[in-house]
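Given chain X's structure and the hints, the job is docking chain D onto it.
Protein chains: 2
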Amino acid sequence: MQKSLLLVAHGSRRAESNDEVRRLTDRVRDTSASRFAEIECAFLELSPPTIPEGLERLIAGGATEITVLPYFLAAGRHVAEDIPEEVAVTQQAHPDVYIEIAPYLGTSEAMPQLLLDMLTDSAVAAS
Amino acid sequence: MQKSLLLVAHGSRRAESNDEVRRLTDRVRDTSASRFAEIECAFLELSPPTIPEGLERLIAGGATEITVLPYFLAAGRHVAEDIPEEVAVTQQAHPDVYIEIAPYLGTSEAMPQLLLDMLTDSAVAAS
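So the sequences go chain by chain: X and D.
When you number the first sequence by our numbering, it's gap-free, plus one each residue, and the end is 127.
When you number the second sequence by our numbering, it's gap-free, plus one each residue, and the end is 1127.
The following block holds chain X by itself, in its conformation from the complex (with noise of 0.2 Å):
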């Protein structure tokens, strides 16, 4: 059994959002320790690669069990519909592989505490 780790983002046309995404993802690996055997990124729209193609990755390096990480605030079309269908492209083609989606990240118990932890004097005034 070997473990790994998809985080899926919207994509954006900017390409500094979606190399905020790929850094994220590194430093997603970095935290991770030896959790998952790897850890990769996908977008729904606009950057490559799309989310077939990052599970085909991580299915190519050996994996046999995938979690899809939605990185999304809101439980919206994109979370409801788009991503389940892209998954479920990939699912049928490797009837092997157990695939899930986790929970959107709008949806964590410590998104709460985490937004009163960023508030330090990094705030920049307004005017």
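Bear in mind the hints are in silico, worked out from the structure with no lab data behind them.
The C-beta atom is built at its ideal place from N, Cα and C for all residues, glycine as well.
A portion of the hints provided could be inaccurate.
Covered by chain D, per the in silico footprint, the following chain X stretches (three or more residues, Cβ under 8 Å) [claimed, not checked]:
no.: 1; stretch: 12 to 19
no.: 2; stretch: 73 to 84
no.: 3; stretch: 106 to 118
If you want a taste of the chain X side facing chain D, the calculated C-beta under 7 Å gives, among others [what the hints assert, rightly or not]:
no.: 4; residue: Q2
no.: 5; residue: K3
no.: 6; residue: V28
no.: 7; residue: T31
no.: 8; residue: A33
no.: 9; residue: T67
Leaving out everything else, chain D in the frame of chain X:
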């Protein structure tokens, strides 16, 4: 001195998404103890209250210092331009109130750990 907090989200056509932000705001309020006199939310688009409306409510409630916390994952135009422009409208009308904009959610140093902490048995199979 009375310090209040305004959580600013994008806003959605889906009432449920906006309600999710309102519930999150309630949870932030419950978590914050007495750190802020008042904690409210506002939306950049598609749902009331607007950012100036949210700020005016806090000022009417007695706030002399307000922190605006962008509930956004990426540093797009909304974070870089739109939110500061909306905040500036209220800042100019109330030069006596100190308004600061905190870093947006996506910059949180704690995000990688929060994402990993979400990966419990609550994930659901994709197929």
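Checked hints:
no., hint, result
1, 12 to 19, "holds (count 4)"
2, 73 to 84, "holds (count 5)"
3, 106 to 118, "holds (count 12)"
4, Q2, "violated (16 Å)"
5, K3, "violated (10 Å)"
6, V28, "holds (4 Å)"
7, T31, "holds (4 Å)"
8, A33, "violated (9 Å)"
9, T67, "holds (6 Å)"
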